[in-house]
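Colleague: These are the residues of each chain, in order.
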Amino acid sequence: MIIIANIFAIFRKELQSYFASPLAYIVAGVFWLLSGLFFWELLLSPTGLVQEVQAGDATGLITGSTDVAYIFLIQFLSVIGSLISPIILPMLSMGLYAEERKNHTLELIATSPLTNWVVAVGKLCGVLTFYTVLLVPLFIYQIIAFSTASPPVPPAVPLLANLGLILLAASILSLGMFISSLTSSSMIAALVTFFIVFLFISLHFISGQISEPFGSILRYLSPVQHYDNFVRGIFETSSLFVFLSYIILGIFLTAQSIETLRFNRS
Amino acid sequence: MIEVEHLSKHYGSTSAIEDIVFSVAPGEILGFLGPNGAGKTTTMRILSGYLPATTGTARIAGFDVHEESMEVRRRIGYLPETPPLYEGMTVEGFLDFVARIKGVSAGDRTTRIDWAIQRCNLEEKRKVLIRKLSKGFRQRIGIAQALVHNPPVIILDEPTVGLDPRQINEVRHLIKSLAGDHTIILSSHILPEVSMTCDRVTIINRGKVVATNTPDRLLAQLGEGEGYELEVQGDATLVQSLLQVIPGVQSVTVTYPMTSKSELGETVKNLDSRADTLRDRSLIKITCIPNTEPGRHLAKVIVETGLGLCEMRRSRPTLEDVFLELTTQEDSFSHDSVSQSEDREFITSETQFNQTEEE
Numbered sequence: 001m002i003i004i005a006n007i008f009a010i011f012r013k014e015l016q017s018y019f020a021s022p023l024a025y026i027v028a029g030v031f032w033l034l035s036g037l038f039f040w041e042l043l044l045s046p047t048g049l050v051q052e053v054q055a056g057d058a059t060g061l062i063t064g065s066t067d068v069a070y071i072f073l074i075q076f077l078s079v080i081g082s083l084i085s086p087i088i089l090p091m092l093s094m095g096l097y098a099e100e101r102k103n104h105t106l107e108l109i110a111t112s113p114l115t116n117w118v119v120a121v122g123k124l125c126g127v128l129t130f131y132t133v134l135l136v137p138l139f140i141y142q143i144i145a146f147s148t149a150s151p152p153v154p155p156a157v158p159l160l161a162n163l164g165l166i167l168l169a170a171s172i173l174s175l176g177m178f179i180s181s182l183t184s185s186s187m188i189a190a191l192v193t194f195f196i197v198f199l200f201i202s203l204h205f206i207s208g209q210i211s212e213p214f215g216s217i218l219r220y221l222s223p224v225q226h227y228d229n230f231v232r233g234i235f236e237t238s239s240l241f242v243f244l245s246y247i248i249l250g251i252f253l254t255a256q257s258i259e260t261l262r263f264n265r266s
Numbered sequence: 001m002i003e004v005e006h007l008s009k010h011y012g013s014t015s016a017i018e019d020i021v022f023s024v025a026p027g028e029i030l031g032f033l034g035p036n037g038a039g040k041t042t043t044m045r046i047l048s049g050y051l052p053a054t055t056g057t058a059r060i061a062g063f064d065v066h067e068e069s070m071e072v073r074r075r076i077g078y079l080p081e082t083p084p085l086y087e088g089m090t091v092e093g094f095l096d097f098v099a100r101i102k103g104v105s106a107g108d109r110t111t112r113i114d115w116a117i118q119r120c121n122l123e124e125k126r127k128v129l130i131r132k133l134s135k136g137f138r139q140r141i142g143i144a145q146a147l148v149h150n151p152p153v154i155i156l157d158e159p160t161v162g163l164d165p166r167q168i169n170e171v172r173h174l175i176k177s178l179a180g181d182h183t184i185i186l187s188s189h190i191l192p193e194v195s196m197t198c199d200r201v202t203i204i205n206r207g208k209v210v211a212t213n214t215p216d217r218l219l220a221q222l223g224e225g226e227g228y229e230l231e232v233q234g235d236a237t238l239v240q241s242l243l244q245v246i247p248g249v250q251s252v253t254v255t256y257p258m259t260s261k262s263e264l265g266e267t268v269k270n271l272d273s274r275a276d277t278l279r280d281r282s283l284i285k286i287t288c289i290p291n292t293e294p295g296r297h298l299a300k301v302i303v304e305t306g307l308g309l310c311e312m313r314r315s316r317p318t319l320e321d322v323f324l325e326l327t328t329q330e331d332s333f334s335h336d337s338v339s340q341s342e343d344r345e346f347i348t349s350e351t352q353f354n355q356t357e358e359e
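From first to last, the protein sequence lines are chains A and B. Those letters in the first sequence? Residues 1 to 266, per the UniProt record's numbering, in order. Those letters in the second sequence? Residues 1 to 359, per the UniProt record's numbering, in order.
Take every hint as true, because none was put in to throw you off.
With the Cβ distance kept under 10 Å, some of the chain A side facing chain B (calculated, not the full set): (1) Asn-6; (2) Arg-12; (3) Ser-17; (4) Glu-107.
Quick caveat, the hints were computed from the structure, so don't treat them as lab data. Quantities reported herein were computed from a predicted structural model and do not represent experimental measurements. Don't be surprised by glycine CBs; every beta carbon is placed ideally from N, CA and C.
Generate the whole structure from the sequences, applying the supplied hints.
Modeller: Set out below in structure tokens:
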């Protein structure tokens, strides 16, 4: 009960700090601008999906029916998940602990009756909630796109895809939080986190070029691969397991890195 | 309530503190005094559980600060060297957050926050963002943050830094009023603060405890320094031998003239109107055997020899002298902020004797 109350206290503080921070609004603005542009580009622009399918129909190149809504979902969420979020997420996670160190508030947190993992979980929940708030307009885009689809899109598919997006974000934020706990410079935290995310994405692409069984191992470890599964509407427990592993790993490492402060600081 | 035993902390090869031993009884206020860099903050951090000690143990309310950190954390309020504040929060919001993480129950929270805000004089800034507040307010929020959960032990690292004299006074009264119910340890490099608020003082220098006692007893230890300082018109070197034989007088030193011509440039002379006057005055410093009061005889001798007695004052060792004696073996440091006047009595002669030695 006390644990829940503590997590909630940290969560509340963290979420408040995003809404009070000008940087968070800039990040939100950039995120919404980019996602809006891609929504238009993928769906409505002259080279977009709608035009393409219409042109295909007219010239008879495409036979049978095309599930535009499904293709849009895959393309849109792939872009959001592996192009825009990797830029945005490190900027959200960078200050989680680095700012606490810089403002000497870590001394308050570390001398309060809170366990380190409680603080880490609270912080992760806070930042993840803020990211989810950023996704709200994207949900609206998707609803707009699917409302015109015929036959109607089964709601499970986009729900699973968006759940995948949030799980991917949670994994990246969790590791970003760990990086942030290692330094008092938000900038360094953001750069290192960005590098790690970049590594994940390249792992995904490199894995195809590498001989087995290493390719499969890399593919299995790459969160991007599992995200793709979610987006395509494939639910595998193993994918969920990988995401949860990353999240728990991040929280664990963060708690440990803060714990070491108590043992070794010179 | 607080027991510190043989605490040492090394940073690489340099040691910040070395074999620190002290204890604080329940309800007592202990002042932790030392020049900057003496290891005060390191000790405070170890007590709060933020830093581990290299060797030695510290216990608060019977719990080891390192091994049973959670139990200790529940019982302490801690103001670090830099007040830990979230700039984006309001004063009230911040204290609410601290009350939550310190485990104040939902029912008591409002009362406790109101109490802390009122005691630290933060009412007018209640709804203001911390970002917009000055150093003095931030320091007071730092103190409020350490008190909000009503902890039995309060650790304050330089609580009055950045406050103006009136606020310093208020904070001292606040701290004094908390004694009894709370055990308090506060660090400072300002002497009057410690001598006025604390029941006992531990002086540390270069990481080592050099003295622990009540402020009065520390003064008594250095009682030999007691004496007089006299400013007289004319050359007092002539009366030195006369003063020397007065019962109770231990030693006499005379400086004549008080300021030499060569020391003073034209500009200084113009600026300092006293410069001319001082040139034909002597400064006599006399140390006495403890508990003898040769003051009257001294004055009599001076007046009878025809020297004009301009000022006579008792020079008592202050806590500051104790502090300086204990802490300055090798290095000197500035202590501008220390006010000199507190423990001294001034006896300035009302009547000027306009006699000179020629007459």
